[in-house]
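Whenever a hint applies, use it, and build me the whole structure from the sequences.
Quick note, the sequence shown lines up with residues 1 to 372 if you use our numbering.
Because the hints were derived from the structure by calculation, they are not lab data.
Note that this is a predicted model, so its numbers are computed, not measured.
One thing to keep in mind: the hints can contain errors.
[Claimed, not checked] DSS-like cross-link-like pairs, simulated, lysine-lysine; straight-line CA separation at most 30 Å: (1) Lys127 to Lys249; (2) Lys184 to Lys127; (3) Lys127 to Lys248.
[To be verified] Label-pair ranges, simulated between beta-carbon atoms: (4) Gly205 to Gly60: 32 to 40 Å; (5) Gly185 to Glu244: 20 to 28 Å; (6) Leu173 to Lys248: 30 to 38 Å.
The beta-carbon is built from N, C-alpha and C at its ideal position, and this holds for glycine as well.
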Amino acid sequence: MFCRGPAFKAFLRSFTYDSEETERLLTDATFDNLNPELLSELERQSFELSRAFETTYPPGSIPTELTYEQTTVIREKGVGAWEFVADSDVNVIVQDRTEVSFYGGEYCVQTNLPLPRRESVYYFEVKVFEKAPQTRIGIGLSTKPYPSWRFPGRNRHSVGYHSNGRKYCNDPLNGKPYGVPFYKGDVIGCGFRTQSGTIFFTRNGVRLGSAVTGAHLNFFPTIAADGPCILHVNLGQMGFVFIEANVKKWGLAPSVGSISPPPAYGTEKNSVLLESGSVFTEAELASIRTNIHSNPDLRRSMFKDTPCINNNQQPASYGSIDTTQPKNCVSISIGGLTPPPAYSFGECSRAIEGLSQSGAGSSAENSPDRAV
1 MFCRGPAFKA FLRSFTYDSE ETERLLTDAT FDNLNPELLS ELERQSFELS RAFETTYPPG
61 SIPTELTYEQ TTVIREKGVG AWEFVADSDV NVIVQDRTEV SFYGGEYCVQ TNLPLPRRES
121 VYYFEVKVFE KAPQTRIGIG LSTKPYPSWR FPGRNRHSVG YHSNGRKYCN DPLNGKPYGV
181 PFYKGDVIGC GFRTQSGTIF FTRNGVRLGS AVTGAHLNFF PTIAADGPCI LHVNLGQMGF
241 VFIEANVKKW GLAPSVGSIS PPPAYGTEKN SVLLESGSVF TEAELASIRT NIHSNPDLRR
301 SMFKDTPCIN NNQQPASYGS IDTTQPKNCV SISIGGLTPP PAYSFGECSR AIEGLSQSGA
361 GSSAENSPDR AV
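If you want it as structure tokens, here you go:
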């Protein structure tokens with residue numbers, strides 16, 4: 001037997017998505033019909049700067065799909081592949097990848113990687129570790145590139161739940177009532193259903209309902225603040241306050257990667273990294289030379305395994321001739337040989353002419369054309 005009272009309807013709404021209760025994220029009606037008089041001077045300047053930023057860097061102007069290299073890193077590191085990245089010129093410090101400290105000014109930070117799209121739901125939580133009374137905090141999702149001075153939800157293609165208890169979906173104005181304000185010690189969760197493009201939030205483990213639907217974009221977890229505060233983000237590296245996210249494992253990735261990293265030096269085959277050699281000064285080198293020359297025992301110990309040359313024995317050089325005579329050999333002296341006869345220039349000329357004449361005669365006798 002099924003219950004059809006108010007409790008059942010509330011339970012049913014938590015699993016269904018009524019178009020009357022959600023908003024389309026991709027609409028630009030709020031931006032196109034915005035009356036600047038509704039904003040304060042600072043808000044108007046921030047809005048105009050954000051519009052100029054969007055003109056220069058429109059959504060989708062940079063690739064945001066997970067690459068093969070990034071997917072490999074996720075498989076190796078698990079949820080440790082994600083980290084928040086802050087610009088160097090803002091008053092924000094990121095420690096241990098997910099601990100973000102804001103020190104003043106209106107800034108937001110995003111993760112280095114977007115939410116994956118393989119699973120049906122992805123979820124993360126933010127604990128307000130410290131918060132000044134006047135500081136406003138925004139938690140949500142946004143695309144890249146995104147202006148670093150805008151809260152999530154106050155620019156195109158973004159949605160956010162702010163500490164004033166209101167939700168902002170592509171809304172640069174005052175947002176709409178959504179939940180209750182949150183303070184120091186509260187834990188705010190943000191979930192994304194990949195099939196329907198639905199974004200929802202939780203507060204201290206209680207679901208607040210759907211904030212927007214139809215948002216089929218590559219979203220990045222985004223947090224922002226306009227004053228001092230410290231936020232700790234849980235992307236799945238530990239248990240969630242929202243029980244359903246724990247049971248269904250809605251974290252961005254497993255806490256431990258599925259691919260083992262390469263072995264560290266020294267863990268395989270007793271490999272050892274060599275230390276760098278010592279560098280001596282000129283004075284130290286001179287002192288070492290003096291000690292070596294003045295200490296014979298030191299020289300012998302240093303060069304005991306080094307072959308040295310005896311002063312009384314010259315080493316044989318390469319290509320030296322062995323002067324030892326083999327057995328049964330005849331000794332011949334060059335001085336005992338008869339010198340060749342001496343020729344004068346005239347005798348050489350007559351000898352050449354005689355050789356020429358004798359050669360010509362023999363050629364004539366052997367010629368086949370000789371008359372018979």
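Status of the hints after comparison with the structure:
Restraint check for lysine 127 and lysine 249: the C-alpha separation of about 19 Å stays at or below 30 Å, so the hint holds. A threshold of 30 Å between alpha carbons decides the hint, and for lysine 184 with lysine 127 the separation of about 8 Å falls inside it, so the pair holds. For the hint pairing lysine 127 with lysine 248, the CA-to-CA distance comes to about 21 Å; that is within 30 Å, so the pair holds. Judged by the Cβ atoms, the range 32 to 40 Å given for glycine 205 and glycine 60 holds: they are separated by roughly 35 Å.
Range check, glycine 185 to glutamate 244: about 22 Å between beta-carbon atoms, so the 20 to 28 Å window is met. Leucine 173 and lysine 248 have their C-beta atoms about 35 Å apart, which keeps the hinted 30 to 38 Å range intact.
In terms of the numbered hints stated before, the structure departs from none.
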